[in-house]
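**Student:** Line by line, the protein sequences give chains A and B. Note that this note's numbering has the first sequence beginning at 1, numbered continuously upward. Note that this note's numbering has the second sequence beginning at 1, numbered continuously upward.
Take the hints with a grain of salt, since some may be wrong.
When chains are identical, the list treats them as one kind, so a pair holds in a single copy or across two.
[To be verified] With a straight-line cut-off of 16 Å between C-alpha atoms, the simulated EDC-like cross-links for lysine to aspartate or glutamate are:
(1) K13 / D55
(2) K78 / E123
(3) K40 / E103
(4) K37 / D105
(5) K37 / E123
(6) K200 / E106
(7) K200 / D55
(8) K156 / D7
(9) K40 / E123
(10) K37 / E74
(11) K200 / E149
(12) K13 / D168
(13) K156 / E123
(14) K40 / E106
(15) K40 / D105
(16) K156 / E137
(17) K37 / E204
(18) K156 / E74
(19) K200 / D110
Hints listed in this document are in silico derivations from the structure and should not be mistaken for laboratory results.
There are 2 protein chains.
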Amino acid sequence: MEFSLHDLQQLDKSFRAQLVNSLSGYKSANLLGSQNKDGKTNLAIISSVFHLGADPALVGFIMRPHSVPRHSLENILKTGCYTLNQVNSAIWQAAHQTSARYESDESEFDMVGLTPHYLNGFEAPFVAQSHIKYAVELQSTQTLVNQTELVIGEIKHIYLPQNALMPDGFIDLATADTVAVSGLDCYSTANPLGRLSYAKPHQEVKKLTRSGEVIQN
Amino acid sequence: MEFSLHDLQQLDKSFRAQLVNSLSGYKSANLLGSQNKDGKTNLAIISSVFHLGADPALVGFIMRPHSVPRHSLENILKTGCYTLNQVNSAIWQAAHQTSARYESDESEFDMVGLTPHYLNGFEAPFVAQSHIKYAVELQSTQTLVNQTELVIGEIKHIYLPQNALMPDGFIDLATADTVAVSGLDCYSTANPLGRLSYAKPHQEVKKLTRSGEVIQN
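Take these sequences, add in the hints, and give me the full structure.
**Tutor:** Take a look at the structure:
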């Protein structure tokens, strides 16, 4: 079945939001940790974190104009630092609950039952219950076409469980129990189909083990 | 375990690329279809498509400076249009193979065995084997901090299987067999944990069926 531009424009607002949010495919599920100058913490689920570069290690995310994480953006602009914490299947419901519109004097950590955690003197809180997390220093923000905000930062320190790190640097997100988001509100764990070798023209790609070794047929 | 900024800077380049690419979490897997003014087609797998807005329906993606999709970017800048096609578990290996550095006179469609498909007169090829796909008109491009290119477009026409569309507009990506990417080369299908109701302060979120109905406890 299909939706033309005309159909899209005629749709009920909530139906259209569900539909269009599903189109990009699976999205990363991360908790954005920040705090203000007085140490008041804030936590917001975001589904738009994306890789920008490995050296320097840069990561971007999008903040919607009137979305809940507006307190997060204020904190980030004032302190210049934040944390990103992958959501796993033990905390997916608490993570979703952070999207409620709490007052600025209510910390989402307290409201949803997650634990703020400070590591190596970094001035933004991590989520104790998250397995893969990293400290990020703000590099730039810019407003895009529809008043969404693109936030880019540099990764300064990474924490992860040893058993999820493979010998070639790949992190096995399935071992770390990381979840993905689809649409506005659906959460999933993953069933790995496999890893594949670096693709070269006129050569068939090979399946790899999760450790990155070629599987012999 | 942990990696400090100093550790990151000392890492082998390929290890660092694997590690940092894994940090964002699960990524969307899409095939970017385009063609030049002579109708020569191009197809490239990208893992950075993200939702930007529902009305107008806007979608963004990132192109790395020296990555393979450079032919795609040239096509998009010249024709102003492209398609995005979700990768599913029947075509994940062919999709990965499009990342090989083919010559500009070799179409990835032919090289990897996927079928170009034209719909409703749109001047960019869809992937026949993809279940969820849409026509996109270029709106803007801009160069970001590390010479990556941010490409933003407006969704003009959507195609999807009827059985994947839920009554509230949510597309069940598991039914459509869509896959996610993690790191540089790992592909997974999804195990839905469930959908959750819109979060409100001081109220517990409720689990929803895939159709969006509240599950009564």
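**Student:** Is it within, between, both or neither when you check K37 against E74 at 16 Å Cα-Cα?
**Tutor:** Intra 10 Å, inter 46 Å, cutoff 16 Å: intra-copy only.
**Student:** Evaluate K37 and D105 at a C-alpha cut-off of 16 Å and name the case that applies: within, between, both or neither.
**Tutor:** within (13 Å within a copy, 57 Å between copies)
**Student:** Please work out whether the CA atoms of K156 and E123 approach to 16 Å or closer within one copy, between two copies, in both situations, or in neither?
**Tutor:** within (12 Å within a copy, 44 Å between copies)
**Student:** Is it within, between, both or neither when you check K37 against E123 at 16 Å Cα-Cα?
**Tutor:** within (9 Å within a copy, 52 Å between copies)
**Student:** Under a CA distance limit of 16 Å, which applies to K13 and D55: within one copy, between copies, both, or neither?
**Tutor:** Cα proximity of K13 and D55: across copies only (8 Å, versus 41 Å in one copy).
**Student:** Is it within, between, both or neither when you check K40 against E123 at 16 Å Cα-Cα?
**Tutor:** For K40 and E123, only the intra-copy Cα distance (11 Å) is at most 16 Å; the inter-copy one is 52 Å.
**Student:** Is it within, between, both or neither when you check K40 against E106 at 16 Å Cα-Cα?
**Tutor:** For K40 and E106, only the intra-copy Cα distance (9 Å) is at most 16 Å; the inter-copy one is 56 Å.
**Student:** Regarding K13 and D168, is the shortest C-alpha distance of 16 Å or less found within a copy, between copies, in both, or in neither?
**Tutor:** So K13 and D168 pass the 16 Å test across copies only (10 Å; inside, 46 Å).
**Student:** Regarding K200 and D55, is the shortest C-alpha distance of 16 Å or less found within a copy, between copies, in both, or in neither?
**Tutor:** neither (24 Å within a copy, 40 Å between copies)
**Student:** Cα distance capped at 16 Å. Does K200 pair with E106 within a copy, between copies, both, or neither?
**Tutor:** Between copies only: 13 Å across, 53 Å inside.
**Student:** How would you label the pair K40, E103 (within, between, both, or neither) given a Cα cut-off of 16 Å?
**Tutor:** within (12 Å within a copy, 55 Å between copies)
**Student:** Are the CA atoms of K200 and D110 at most 16 Å apart within a copy, between copies, both, or neither?
**Tutor:** Only across copies: K200 and D110 sit 15 Å apart there, 50 Å inside one copy, limit 16 Å.
Going through the hint list in order, the structure does not satisfy hints 7, 11, 17 and 18.
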